[in-house]
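Peer 1: For the record, in the sequence shown the residue sitting at position 17 is 17 according to the UniProt record's numbering, with numbers rising by one throughout.
If you are wondering where the hints come from, they were derived from the structure by calculation, not from laboratory data. Small disclaimer: the values here were computed from a predicted structure and weren't measured. Where hints are given, some of them may not hold.
[Unchecked claim] So the derived label-pair ranges between C-beta atoms look like this: (1) ARG101 to ALA13: 31 to 41 Å; (2) ASP86 to ALA2: 16 to 26 Å; (3) ASN36 to ALA65: 34 to 44 Å; (4) ILE40 to LEU84: 29 to 39 Å; (5) ASP50 to GLU71: 34 to 44 Å; (6) LEU66 to GLY104: 32 to 42 Å; (7) LEU84 to GLU15: 29 to 39 Å; (8) ALA49 to GLU11: 28 to 38 Å; (9) ASN35 to GLY67: 28 to 38 Å; (10) SER58 to ASN36: 32 to 42 Å; (11) ALA65 to ALA103: 17 to 27 Å.
For each residue, glycine too, the CB sits at the ideal point set by N, CA and C.
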Amino acid sequence: MAALRRHAARELAEETGVDTPADDLTPWQVVRQPNNSVGILFHAPPHPADRLFARHTSLTESEHALGRTPELDRLVLVRSPDGLTDLTGPHVSCLAPVLRRHAGL
């Protein structure tokens with residue numbers, strides 16, 4: 001589990017710009033995709049939305065300055081599956097069920 005936590009913390013930093021110690025991530029849910037791949041989702045400590053957006057903006061600007069394409073080109077905060085209706089672009093198939101569980105639906 002420690003290796004999965006480290007990997008999740010690294011991915012969180014690479015995709016959002018938010019550095020979170022691996023030990024601060026809590027295992028939360030196991031998901032299986034239509035292609036039968038399995039993922040473990042972790043809860044991260046909460047941060048104010050303005051901090052998340054600022055860190056992501058800083059990360060994407062740095063990536064563009066280096067001539068690279070960021071893994072996530074934009075950040076959107078949603079609280080329930082209803083927030084997905086206006087979300088464009090690709091997203092993982094497990095997103096709606098994960099949001100339903102997070103929202104307690």
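Peer 1: Run every hint past the structure and note whether it holds.
Peer 2: Each hint tested on the structure:
no., hint, in the structure
1, ARG101 to ALA13: 31 to 41 Å, "24 Å, violated"
2, ASP86 to ALA2: 16 to 26 Å, "38 Å, violated"
3, ASN36 to ALA65: 34 to 44 Å, "39 Å, holds"
4, ILE40 to LEU84: 29 to 39 Å, "22 Å, violated"
5, ASP50 to GLU71: 34 to 44 Å, "21 Å, violated"
6, LEU66 to GLY104: 32 to 42 Å, "41 Å, holds"
7, LEU84 to GLU15: 29 to 39 Å, "18 Å, violated"
8, ALA49 to GLU11: 28 to 38 Å, "20 Å, violated"
9, ASN35 to GLY67: 28 to 38 Å, "32 Å, holds"
10, SER58 to ASN36: 32 to 42 Å, "37 Å, holds"
11, ALA65 to ALA103: 17 to 27 Å, "37 Å, violated"
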